[in-house]
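Chain by chain, the residues run as shown.
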Amino acid sequence: MQKYSFYAAIGLLILFVLTALVGPYLIEHDPLRGSLRARLDPPFWIEGGSIEHILGTDRLGRDMLARLVQGARISLAVCVVVIGIAGSIGTAIGTFSGYVGGWVDRLLMRIVDLALSLPVILLALLIGAISGPSFANIVIVISLVLWSQYARMSRGEALRVKNEDYVALARTSGLGHGMIIFRHILPNIAPSLIVVATLQVGVVIVLEASLSFLGVGVPPPNPSWGSMVADGRGLVVTAWWISLFPGIAILLVVMAVNIVGDALTDRINPALRGRTA
Amino acid sequence: MLRQITGRLIEAFAALLLMSLVIFLLSRVTGDPVALLLSDSATEADRQMLIEQLHLDQPMWRQYLSFVGNALQGDFGQSVNAGRQDALDLVMSRLPASISLAAVALAFTLVVGIAMGVVAAVTRGSWIDVLVRVIALLGQSVPSFWLGIVLIYIVSVKWGLLPTSGYGTWQHYILPALTLGTFTLAAVTRLVRASMLDALGSEYVKLARVKGVSEATVIFKHALSNSLIPVVTFMGAFFATMITGAVVVETVFAWPGIGRLAYESIVSRDFPVIQTVVLVITAMFILANFAVDMLYLAIDPRMRDAG
Numbered sequence: 001m002q003k004y005s006f007y008a009a010i011g012l013l014i015l016f017v018l019t020a021l022v023g024p025y026l027i028e029h030d031p032l033r034g035s036l037r038a039r040l041d042p043p044f045w046i047e048g049g050s051i052e053h054i055l056g057t058d059r060l061g062r063d064m065l066a067r068l069v070q071g072a073r074i075s076l077a078v079c080v081v082v083i084g085i086a087g088s089i090g091t092a093i094g095t096f097s098g099y100v101g102g103w104v105d106r107l108l109m110r111i112v113d114l115a116l117s118l119p120v121i122l123l124a125l126l127i128g129a130i131s132g133p134s135f136a137n138i139v140i141v142i143s144l145v146l147w148s149q150y151a152r153m154s155r156g157e158a159l160r161v162k163n164e165d166y167v168a169l170a171r172t173s174g175l176g177h178g179m180i181i182f183r184h185i186l187p188n189i190a191p192s193l194i195v196v197a198t199l200q201v202g203v204v205i206v207l208e209a210s211l212s213f214l215g216v217g218v219p220p221p222n223p224s225w226g227s228m229v230a231d232g233r234g235l236v237v238t239a240w241w242i243s244l245f246p247g248i249a250i251l252l253v254v255m256a257v258n259i260v261g262d263a264l265t266d267r268i269n270p271a272l273r274g275r276t277a
Numbered sequence: 278m279l280r281q282i283t284g285r286l287i288e289a290f291a292a293l294l295l296m297s298l299v300i301f302l303l304s305r306v307t308g309d310p311v312a313l314l315l316s317d318s319a320t321e322a323d324r325q326m327l328i329e330q331l332h333l334d335q336p337m338w339r340q341y342l343s344f345v346g347n348a349l350q351g352d353f354g355q356s357v358n359a360g361r362q363d364a365l366d367l368v369m370s371r372l373p374a375s376i377s378l379a380a381v382a383l384a385f386t387l388v389v390g391i392a393m394g395v396v397a398a399v400t401r402g403s404w405i406d407v408l409v410r411v412i413a414l415l416g417q418s419v420p421s422f423w424l425g426i427v428l429i430y431i432v433s434v435k436w437g438l439l440p441t442s443g444y445g446t447w448q449h450y451i452l453p454a455l456t457l458g459t460f461t462l463a464a465v466t467r468l469v470r471a472s473m474l475d476a477l478g479s480e481y482v483k484l485a486r487v488k489g490v491s492e493a494t495v496i497f498k499h500a501l502s503n504s505l506i507p508v509v510t511f512m513g514a515f516f517a518t519m520i521t522g523a524v525v526v527e528t529v530f531a532w533p534g535i536g537r538l539a540y541e542s543i544v545s546r547d548f549p550v551i552q553t554v555v556l557v558i559t560a561m562f563i564l565a566n567f568a569v570d571m572l573y574l575a576i577d578p579r580m581r582d583a584g
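Chains A and B are the protein sequences, given in the same order.
With my numbering, the residue at position 99 of the first sequence is 99, and numbering never jumps.
With my numbering, the residue at position 96 of the second sequence is 373, and numbering never jumps.
Hints listed in this document are in silico derivations from the structure and should not be mistaken for laboratory results.
Treat the hints with care, since some could be wrong.
[To be verified] Some chain A residues well away from chain B (every beta-carbon gap over 10 Å; in silico): (1) Glu52; (2) Leu55; (3) Gly84; (4) Phe135; (5) Arg171; (6) Ala209; (7) Ala263.
[Unchecked claim] Simulated restraints on C-beta separations: (8) A:Arg160 <-> B:Leu327: 53 to 59 Å; (9) A:Arg183 <-> B:Ile376: 51 to 57 Å; (10) B:Ile431 <-> A:Gly84: 38 to 44 Å.
[Claimed, not checked] What the simulated footprint calls covered on chain B by chain A, stretch by stretch (three residues with Cβ under 8 Å from a Cβ of chain A suffice, anywhere in the stretch; the number is not a length): (11) 410-422; (12) 545-552.
Glycine included, every Cβ here is placed at the ideal spot set by N, Cα and C.
Bound conformation, chain B alone:
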């Protein structure tokens, strides 16, 4: 088991290194890095300083080493926008808003998705089952940027029930979390429904019924607990969908998180911030996958010996 954990750790580190290499190459090979990293109002002295700082007059491998070295010390350069904020500080200041939104969306997704999946499986073939499947199909197919705009128009503009955008009260969370969670909600629902159906048709459930265990115990204790394992397996993928979805959803709802920061920095061609956002999100991504792997090892003993 220890070997697996170290293996996963090495993989995670390799992925992060690979991403840093990709970012480095993209910024150095395509076009002029000085033009990319400096603002339009930079003076000749700023230019010389940056060339020296990034070792642009030296070979590629040396440049990459200093890029990684600076990154490890938390130095990603400064935003080229007014204020010249430190890029890493800027990203970190936006992180809490993103994490709280993703947490709310994920919680909503898991609670509602598991409930809908279980109800659909138990009432298989009924109108409830059909309804749940239609909802799941819609959720899987609707583009989130469009859903966000439609929700803002109907719920906020027409009905005036919730704020159109922004951040602050709990009401601000509802529409963005709903939009961010829709795709994952559909995925969880489908997954739970399918694995519940498998479990309900299995030998151990039949045995439990023959023994006279009550229907509620059969559903919740025997079938459901086994149906949740695939949900855990897919948690990493769900989290990934949420992070990438955050760029779109935060932009639509003017949510002050790193997703919107990524979008804004791209629009204003603020390259130091772009590369920092991408690296920080990659790190979160990899960390989440690692955590899911560990969780999986913990709950499913069969995985411990297998490669």
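For reference, chain A alone in the conformation it holds in the complex:
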């Protein structure tokens, strides 16, 4: 049963990535432009719906399916950029800190603790309130939340690896510090890094959606899944499909990510189990 859910989750994630990459080219409707004659059309299986708009339309007559597909693209873009930024900065700081040790390590880890102790969602709201919603803002804000987890994890791994015999041997044989970090320490950190990154995909998607739901994420008219749910909030009684579908999309993708993340955690680094939220 564990195995089947793992494969189902992998399949779902492949579908998500494919949708984000090629989906927008397969759908003829424009996700940003609606037609006033087709406002609030229900999905095709409900009376009044048509095959023209399979999942119905929103308040401005925009095709729900086209918007969902475009939303997948936005989610994926935010994930890739955030995890790229937070992962590389966090890993660089953590590896450096653990490798150098001493007071540098103590200072950097204090900063990591501080970063972990701030309610950063509120900072995100604050930044959003001041400078308005934008793709760059949301990426910066979510990266601010997440870098510290990579720093803490890679520092622990660097501390563990740097005392291994082969690293000592590399050093006595004259290998420079930079080379030791790249050749011996980073490859050892990589598996745990992949686990943390996988588990964070779900966190990033939910954070982005929540901020967009509150109006400080991806700016309109771009269809973020979170802002789509917000769009339909006042219309749940008459046009439930507007809020329902994007929510299901988030739920499915995050669930798939969590299943894969758990499986990887068990296989690669059981010590990380339950450590990332």
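Since the structure of chain A is provided, determine the placement of chain B on it from the hints.
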């Protein structure tokens, strides 16, 4: 032990100071602070008064000092909205609703989460275990703003069982607390299940069984009491999730707490209130983490000597 407590206190204070610096810089460096802090209907005289009050004509460090000085005296300025309420008073008046909701959600989470975790671990591999794990997976993955809307639609609109939103009777607490607690419930369940499984496979549990201790005593006295330590460790994180989740959940359910106040003040660009909410929540956050650290020191003697 005293050294650790003072260390933690200094850290907590540093975190608060850091947050105040961030808020200060965000409000002063990006854009015009006067425009940010005044309402649209302010007169030229209001403008001059604010510039004088905030020492905007003086160097940055002086401005920051007066910002902190005013904050320490409880002066965060006034709301720019109609009524010009004192920002701190406004935040404080919304605090009880938030705290009572978080308390209900946390209590629900701990009771149900621990129960589900224990049952799943004891019946490992059975359909009950599978069910609990599916529930935990769903709870961990569902976005709370969406869950809230779905619950309102099904329970309140379709079935007419509970009020859709608002504040007042105990019925008003059920849906928001459920929504706010779902993610944490999943986390507690997973944590308790995993540590119960570890404990049930440990030497001391085997020994207790060999000695002929009853199964109930083994589960509740030996295994469970040890499995709860990780839950305490994560209490700070749980509380943090609840505070940040409150912004979303209170907005969805029109709950008159500080989370919704944060959202409303952002929508209406009421900057004095925004910065007050952020600082007050940060203070609560840090206080909670501090309390958890102390609790941890108290229940786990091994921590007292370790750094």
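Here's how the hints hold up against the structure:
Glutamate 52 of chain A, annotated as away from the interface, keeps every beta carbon of chain B farther than 10 Å; the closest lies near 26 Å. The claim that leucine 55 of chain A lies off the interface holds: its Cβ sits roughly 16 Å from the closest Cβ of chain B, which is beyond the 10 Å cut-off. With a closest Cβ-Cβ approach of about 23 Å to chain B, glycine 84 of chain A is found to remain outside the 10 Å limit, as its non-interface label requires. No Cβ of chain B comes within 10 Å of the Cβ of phenylalanine 135 of chain A; the nearest lies about 17 Å off, and the non-interface call holds.
Consistency note on arginine 171 of chain A: stated as away from chain B, and its beta-carbon is indeed over 10 Å from all of that chain's, at 27 Å minimum. With a least beta-carbon separation of about 5 Å from chain B, alanine 209 of chain A fails to lie farther than 10 Å from that chain, contradicting its non-interface assignment. Its beta-carbon lying about 12 Å from the closest one in chain B, alanine 263 of chain A satisfies the requirement of being farther than 10 Å from that chain. Taken as a hint, the range 53 to 59 Å holds for the pair arginine 160 of chain A and leucine 327 of chain B, whose Cβ atoms sit roughly 55 Å apart.
Here the CB-CB span from arginine 183 of chain A to isoleucine 376 of chain B is close to 53 Å, well matched to the stated 51 to 57 Å. For isoleucine 431 of chain B paired with glycine 84 of chain A, a C-beta distance near 39 Å keeps the hint of 38 to 44 Å intact. Counting residues of the region 410-422 of chain B whose beta-carbon sits less than 8 Å from any beta-carbon of chain A gives 8, enough to reach three: the coverage restraint holds. A stretch counts as covered by a chain when three or more of its residues have a beta carbon under 8 Å from one of that chain; for the region 545-552 of chain B and chain A the count is 4, and the coverage holds.
In the structure shown, a violation is registered for the earlier hint numbered 6 alone.
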